[in-house]
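Protein sequences appear in the order of chains A and B.
Under this note's numbering, think of the first position of the first sequence as 271, with each following residue one higher.
Under this note's numbering, think of the first position of the second sequence as 15, with each following residue one higher.
It is worth saying that the hints were derived from the structure and are not from the lab.
C-beta: ideal position from N, C-alpha, C; glycine also.
You may find that some hints are simply not true.
Stated by the list, open to error - Rough simulated footprint, nothing fancy, chain B against chain A, three-plus residues with beta-carbon under 8 Å:
1. 420–427
2. 448–456
Stated by the list, open to error - Cβ pair distances, simulated, as ranges:
3. Ala443/A <-> Ala252/B: 40 to 46 Å
4. Pro89/B <-> Glu441/A: 34 to 40 Å
5. Ser72/B <-> Ala443/A: 17 to 23 Å
6. Leu385/A <-> Asn136/B: 40 to 46 Å
7. Ala97/B <-> Asp415/A: 27 to 33 Å
8. Leu385/A <-> Arg131/B: 36 to 42 Å
9. Leu385/A <-> Asp218/B: 51 to 57 Å
10. Glu259/B <-> Leu395/A: 23 to 29 Å
11. Asp442/A <-> Ala97/B: 26 to 32 Å
12. Asn136/B <-> Asp415/A: 30 to 36 Å
13. Ala268/B <-> Glu441/A: 44 to 50 Å
14. Asp442/A <-> Ala152/B: 21 to 27 Å
15. Leu385/A <-> Gln243/B: 45 to 51 Å
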Amino acid sequence: MNDQIDDLIAAHRDEIHSPPPATMQRWHDAIDDAATSEQTAARPANTSFHPGSFVMGLAIAATLALGIAIGFLMAGSETEAPATIAIADTPSAPMPGALSRGLQVHFRDSRDQILNLPDADDPTLLVLRIIEQNRLFENAAINSDAPKLARVLRAFEPILLQLAADDLAPEDAQALQAQLAFELNVMLTKLNVESSDDSHTT
Amino acid sequence: MNNSFKLAMVATLLLLTTSSLAQTDDEDFRMTALEALIAAPPERALPIVEKVLAGNHSTDLKERALFILSQMETPESQAQLLAFANDSQGGLQTEAIRMIGIGGDKEALASLGQLYRGGDANVREAVLEAYLIADDAAAIFEIAANTDDEEEFEDAVEMLGAMGANEQLRELRGRNGLSESLILALAISGDAEAVNDLVSIYQDAETEEIKDSALEGLMIAGHDEGMLQLYRSAGDAADKRQILEYLVMMDNEAVWDLIDSALEGSN
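Hey, can you work out the whole structure from these sequences and the hints?
Right, here's the structure in full:
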């Protein structure tokens, strides 16, 4: 695992120390999705729009986006600290609803990217970006006192690290992709069911 | 679609389509059916998962079933995972161990210590990974502190480094002294105090291995200033050359001036 972590660090070191446009775009998409799902979920129970929840959704997405920026800036500083430390220092805004929606976007995007990994221009870089995103959500889960989610997110990382390895046999890569896609899908379904239950009980 | 209908569909798909296991379509179909179980209440889903685990199904399908078990979060599902971790072998056993990490049940996690002691390399690796998933640095520290096996110590220390478990790494340094793996783990963990110590660790090193590890640690931590300090204070030409190589790898701005000075014959 150490070699893989070294590879990860080396790869990050080679990157430009600013938030990658693709990452920022995904966060803009996440904000849009959060807004859309908030409006959709609010309509059946009550036709009014819930600006408070929406603003909180935007706030947590913005906090996480800020975390990305801080993480990348920290990566470029002299006494480099892991992204986890940078995120832990950001103001925590426990908002399970927004976290749940953000995670749904993360699980869905990650699943789609994992399944299409063989077609990616740079599969290793894509997997490293997923790991980066995964760590952000892991920290968000910890800050929101959601240890079960944090553990599941943490469990994805060793598999993702294996997938990032250049010397992985195609059949092994395929098996890992299938496993991750299944687990991401299960978590997506679970979160959907929990969100649905919450909206019916409120 | 109500839960009863979903369950009936899942049970039908899983238990009645067992005649052509080799067919990929059937396997995919069963995976999808298994996935749908997460939407069912645990008391309804558990018996079906148990049948899958006991049945003549592929290892892949059983491994997916273990993940479903980990997400049920009931004492019964955790007991099933523990039973699988204890009684099965190979990929299913290591997957069950991973799922115990995801489940986070303290008793189940504690029982992994016994599996670690009696297990082969794959089981030991799976147990360390389960502790990493459960964020149980104390359990990994116990393994590192109580083993006489150098490889086991290194694996545990590497895991602590990946977890950023600074406190446990410092404790190990106090107990066991410095080793190559511990120096690298301290650098990876992002412990600022330990990273700053790497300069004096290099200067006081009694072996080439410790000196090399200190340089690697400085590079991993991106501590340019520390590396430059070592370059300037190095009296030996071979040491200077080695440190310069690291500075080049670190893409340090000052390195070109240093090279220029070296070519001019000054320090």
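### Hints not upheld, ascending by number
6 and 14
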